[in-house]
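Chemist: This is what each chain is made of:
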Amino acid sequence: MIATIAIAAGFGLILIGLYGALTNRNMLRMIVAFTVANTGVNLVLVAVGHMFGRTAPILDSVVPVSEAASRIIDPVPQALVLTAIVIGLGVTALMLAYVYRLYQTKHTLDIAKYSELKW
Amino acid sequence: MIKRFTVLLLLAGLATIFVSLALGYVPDSSLNYSALYYADNTVSDTGAANIVTAIIVTYRGLDTLGEVTVLFLTAAIVGLVLKRGAKAGKGKPMLASGELLCTGSGLLVPLILLLGVYVFVNGHLTPGGGFQGGAILASGIMLVLLTNPMRHFSHRLIAVIESVSGLAFITVGILGIILAAGFLDNSLLPKGTLGELFSAGTIPVVYSFIGLKVGAEFSSMLVNLSETEGS
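Quick note, the sequences are listed as chains A and B, same order. The first sequence lines up with residues 164 to 282 when you count with this note's numbering. The second sequence lines up with residues 12 to 242 when you count with this note's numbering.
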């Protein structure tokens, strides 16, 4: 149940983010929209790895090795999402740096004003 | 108008795909084969209590090296893009930060740095690890920058921390080839008992270096971005 809610929320975030990125003209808002979509993707990935009634993939005295296979959730999506979050942060930082440079050239954040590559 | 309509049409198509995916989703009732392997063999293979950490640092250590490299490239490109033509130190002097922020950051920054170190040193035992700990370290730097955006951080120091920890990460990996079973193999050091700080072989060492490296990279991005202030 909780996985379904998380998946629905993740898909919703992806759609909201893409809508924002496609309709906003301000580049900073587009970056924010992209990070929202990014969060949605991460949420969906983590939710797919979730299994009802199980615990985090960390072994201790409560979850001994012998019971691990029946007590823990899938650790692979979590490792994947850890990577995805870090790379997402890198992409956001790059986008911010480029937007700053673009702003320096034309003193506007409106993407419609940057028409050099338009055809 | 037609643009907005196209966008909505595109998103509606995407939403249809998502809805069918979500409706057709059946949660697994048992672990799949790879997860089952990790659940059964992580402790005997690596000695780490946190399976996610064992996957990231040992089973998929090479991928993590790639990830750290991507992060390094990002930090380098952000520095390159922002550095060109940036006139540091010019512009209007800014208002001093508020008393609450100054005193609060003086109190909190050491604690935040300590928490970051704790998180990456205990990465093989508790939720957390190098990337999370590095991000916490950088959030301490960010608090300092919020208090005084004009504060100068030594780029050289950040670069030295970053490259030394990166080199140490690779050295541990190569020592694994020579002395143990393969690149980044963690059985260089004894596996110890499950749940103790000095266990899981080289995982805590490698993850500490990753934490320092990630913290330095995030800090260099923050410092570069904040140095554009007022230029």
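Calculated from the structure, these hints are not laboratory results. Using N, Cα and C, we set each Cβ at its ideal position, and we do this for glycine too. A hint or two may mislead.
Heads up, simulated BS3-like pairs for lysine-lysine below, C-alpha to C-alpha not over 27 Å straight-line [said to hold, decoys possible]:
id: 1; chain 1: A; residue 1: K269; chain 2: A; residue 2: K281
id: 2; chain 1: B; residue 1: K202; chain 2: A; residue 2: K276
id: 3; chain 1: B; residue 1: K202; chain 2: A; residue 2: K269
id: 4; chain 1: B; residue 1: K14; chain 2: A; residue 2: K269
id: 5; chain 1: A; residue 1: K276; chain 2: B; residue 2: K14
id: 6; chain 1: A; residue 1: K281; chain 2: B; residue 2: K14
Residues of chain B clear of chain A, computed beta-carbon distances all greater than 12 Å [said to hold, decoys possible]:
id: 7; residue: M161
id: 8; residue: M232
id: 9; residue: L233
Chemist: Each hint should be assessed against the structure and marked as holding or not.
Modeler: Tested hints:
1. Taking the CA atoms of K269 (chain A) and K281 (chain A), the gap is about 16 Å. The hint holds against a cut of 27 Å.
2. Between K202 (chain B) and K276 (chain A) the CA atoms are separated by roughly 60 Å; this puts the pair beyond 27 Å, and the hint is violated.
3. The hinted pair formed by K202 (chain B) and K269 (chain A) fails the criterion: a straight-line CA distance of about 58 Å is larger than 27 Å.
4. For a cut-off of 27 Å, the pair hint linking K14 (chain B) to K269 (chain A) stands: about 25 Å separates their Cα positions.
5. Our distance criterion of 27 Å between C-alpha atoms is met by K276 (chain A) and K14 (chain B), whose separation comes to about 17 Å.
6. At most 27 Å may separate the alpha-carbon atoms for a hinted pair to count; K281 (chain A) and K14 (chain B) meet this at roughly 16 Å.
7. Residue placement check: M161 (chain B) keeps its beta carbon more than 12 Å from all beta carbons of chain A (closest about 17 Å).
8. Remark: the non-interface label on M232 (chain B) conflicts with the geometry, its nearest Cβ contact in chain A lying 5 Å away (cut-off 12 Å).
9. Distance check on L233 (chain B): its Cβ comes as close as 9 Å (rounded) to a Cβ of chain A, failing to clear the 12 Å threshold; non-interface status is violated.
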